[in-house]
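S.K.: Listed below are the residues making up each chain.
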Amino acid sequence: MPFYVGSGEHSMNPFEYQQVDEPATAVDAISRWRGSKFLAGGTNLIDLMKNTVEQPPKLIDINHIPLRGIEQTPDGGVKLGALARNSDTANHPLIRKNYPLLSQAILSGASPQLRNMATNGGNLLQRTRCPYFMDPAFSRCNKRTPGSGCSALEGFHENHAILGASDQCIATHPSDMCVALAALEAKVRVRGPKGERIIAIGDFHRLPGTTPQIDTTLMPDELIVSIDLPPSPYGSHSHYLKIRERTSYAFALVSVAAAIDVDSGWIRGARLALGGVAHKPWRVEAAEAALAGQKLSISLFEQAASRALSGARPRRDNTYKVEMAKRAIIRALTIAGGLA
Amino acid sequence: MIDCKLSRRDFVKTVGYFTGAGALGLQLISVETIVECAPLEFSASAHTVELTVNGLVHKLTMDTRVTLLDALREYLKLTGTKKGCDHGQCGACTVLVNGRRINSCLSLAVTHQGDQITTIEGLSGGEELHPLQTAFIEHDGFQCGYCTPGQICSAVALLEEARRGDASFVTQDLAHTGRVELTPEEIRERMSGNICRCGAYPGIVQAVQTASRTL
Numbered sequence: 001m002p003f004y005v006g007s008g009e010h011s012m013n014p015f016e017y018q019q020v021d022e023p024a025t026a027v028d029a030i031s032r033w034r035g036s037k038f039l040a041g042g043t044n045l046i047d048l049m050k051n052t053v054e055q056p057p058k059l060i061d062i063n064h065i066p067l068r069g070i071e072q073t074p075d076g077g078v079k080l081g082a083l084a085r086n087s088d089t090a091n092h093p094l095i096r097k098n099y100p101l102l103s104q105a106i107l108s109g110a111s112p113q114l115r116n117m118a119t120n121g122g123n124l125l126q127r128t129r130c131p132y133f134m135d136p137a138f139s140r141c142n143k144r145t146p147g148s149g150c151s152a153l154e155g156f157h158e159n160h161a162i163l164g165a166s167d168q169c170i171a172t173h174p175s176d177m178c179v180a181l182a183a184l185e186a187k188v189r190v191r192g193p194k195g196e197r198i199i200a201i202g203d204f205h206r207l208p209g210t211t212p213q214i215d216t217t218l219m220p221d222e223l224i225v226s227i228d229l230p231p232s233p234y235g236s237h238s239h240y241l242k243i244r245e246r247t248s249y250a251f252a253l254v255s256v257a258a259a260i261d262v263d264s265g266w267i268r269g270a271r272l273a274l275g276g277v278a279h280k281p282w283r284v285e286a287a288e289a290a291l292a293g294q295k296l297s298i299s300l301f302e303q304a305a306s307r308a309l310s311g312a313r314p315r316r317d318n319t320y321k322v323e324m325a326k327r328a329i330i331r332a333l334t335i336a337g338g339l340a
Numbered sequence: 001m002i003d004c005k006l007s008r009r010d011f012v013k014t015v016g017y018f019t020g021a022g023a024l025g026l027q028l029i030s031v032e033t034i035v036e037c038a039p040l041e042f043s044a045s046a047h048t049v050e051l052t053v054n055g056l057v058h059k060l061t062m063d064t065r066v067t068l069l070d071a072l073r074e075y076l077k078l079t080g081t082k083k084g085c086d087h088g089q090c091g092a093c094t095v096l097v098n099g100r101r102i103n104s105c106l107s108l109a110v111t112h113q114g115d116q117i118t119t120i121e122g123l124s125g126g127e128e129l130h131p132l133q134t135a136f137i138e139h140d141g142f143q144c145g146y147c148t149p150g151q152i153c154s155a156v157a158l159l160e161e162a163r164r165g166d167a168s169f170v171t172q173d174l175a176h177t178g179r180v181e182l183t184p185e186e187i188r189e190r191m192s193g194n195i196c197r198c199g200a201y202p203g204i205v206q207a208v209q210t211a212s213r214t215l
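Protein sequences appear in the order of chains A and B.
In terms of my numbering, the first sequence has 182 at position 182, counting the first letter as 1, and numbering is strictly consecutive.
In terms of my numbering, the second sequence has 27 at position 27, counting the first letter as 1, and numbering is strictly consecutive.
I should point out that these hints are in silico values taken from the structure, not numbers from a laboratory.
It cannot be assumed that every hint is accurate.
[As the list claims (entries may be wrong)] Below, a list of computed lysine-lysine pairs in the DSSO-like style, where the Cα atoms sit at most 30 angstroms apart:
{"#": "1", "chain 1": "B", "residue 1": "LYS77", "chain 2": "A", "residue 2": "LYS79"}
{"#": "2", "chain 1": "A", "residue 1": "LYS97", "chain 2": "A", "residue 2": "LYS326"}
{"#": "3", "chain 1": "A", "residue 1": "LYS187", "chain 2": "A", "residue 2": "LYS58"}
{"#": "4", "chain 1": "A", "residue 1": "LYS58", "chain 2": "B", "residue 2": "LYS59"}
{"#": "5", "chain 1": "B", "residue 1": "LYS77", "chain 2": "A", "residue 2": "LYS58"}
Turn these sequences into a full structure, and let the hints steer you where they fit.
M.R.: This is the structure we're talking about:
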């Protein structure tokens, strides 16, 4: 009788399994086993283990650590527990009311089943869906096997990066949630052997450079405990626009998180971040600066969009993303600003 | 399959707990099925877990790699839940865990100790179909039927999510928190995690809408 763990070279590697119920134990456990991984929702990790892209010798199940809370902080912000499920986060009354941009972004991603499993911490750690990374049948991928090359450079790269890429890797970050978190200037609270530290969302994900195998600045022995949202002045003057190849349940070709602090038709401040265009959620501060202090208008949004894409370096088959991103920015700002 | 050479010596012991229920006799309330497997040579770790499926507790000892989907199908022989893509992309493996719909193919069985798992086999009350099963038949919500158990489990959870006011990406007003009116657009978005390659979507949407009015 076959043993149902996969077959042939595409079978999952054997691994040890341990449940932990507090952050300190989790950090201690992961420090002891080189290459071990935390298991939360598992929607990305188990999938990658089935493909043998990830082969951890040990999984440390952190689902029993009490980090599922979503609560208001004294400064008027909200703390999102790292293990709160994406669906519970999107539907929490505080998020729907104060951070609708985040609710929209989360609800635009994956499927209801996956959002019920996926955690906030795990969403931050999603790996790219570049097909050369996901399928070990392709031998060249610097992210999976450093130094092996990048097949996407001259191969299939319609969905790849147009900003911040390197000649080692042109993969994109797949998350929608993280694009909204970038616009909302979230902070990631992590715990390691030496205690807690806080990483600004803009510093959490990396550009590929010469080390595309490293996605984030999180250390291998650190556990994400929460995502802290500062108070938001944007409220309903925000919009998450996602362009994809089918109406639902698909990764973004381009997405835009737009948030405007509006005062009687004038922009006090704005935040703009793009998804599907880079190795990390791509916040465009130059465009934000172009918007600040100006009167809401479509022509202003057009200027901001041009500025946001001024550094774009598309490749053979993804030049469409430059124009698509510009138009998506204009549309998202138009809706966020109430001009639609 | 690489493991065919390995013999899996297992035995199944079924213990029924019976209790008096009412004047007319006995009602089965819990069955414990114990499946034990000989440790595999290359298996890093075998774990024992008690899975509660459709109200029955099953004690299983198995490799840590076994997914909830494979535990249901290959160990407990509950083959109603289907394996489609095995990568969380098609929804054929959808089951309810503590009332929430999940993809059982991406969830390890060892993580489900103490959870209440409901599969398609657990929805009907004996010979009486669940209203969603009836609605799928009434509206021709399938052709080959392979995706149907996942579609129906997904729809059962969908109705509960809509009842409690969960939003979807097409929900216009996120500030509105009451029961969601299940328009065809809302149903399509909320069922997007279940793929039907026969294309029975019009019937599926109608079935879910009909059931939402009767439940």
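S.K.: With reference to the structure, classify each hint as holding or not holding.
M.R.: Hints, one by one, checked against the model:
1. B:LYS77 with A:LYS79: The hint is violated at about 43 angstroms.
2. A:LYS97 with A:LYS326: Between LYS97 (chain A) and LYS326 (chain A) the Cα gap is close to 28 angstroms, so the pair holds against 30 angstroms.
3. A:LYS187 with A:LYS58: 29 angstroms, holds
4. A:LYS58 with B:LYS59: 23 angstroms, holds
5. B:LYS77 with A:LYS58: Satisfied, since the Cα-Cα distance of roughly 28 angstroms is no more than 30 angstroms.
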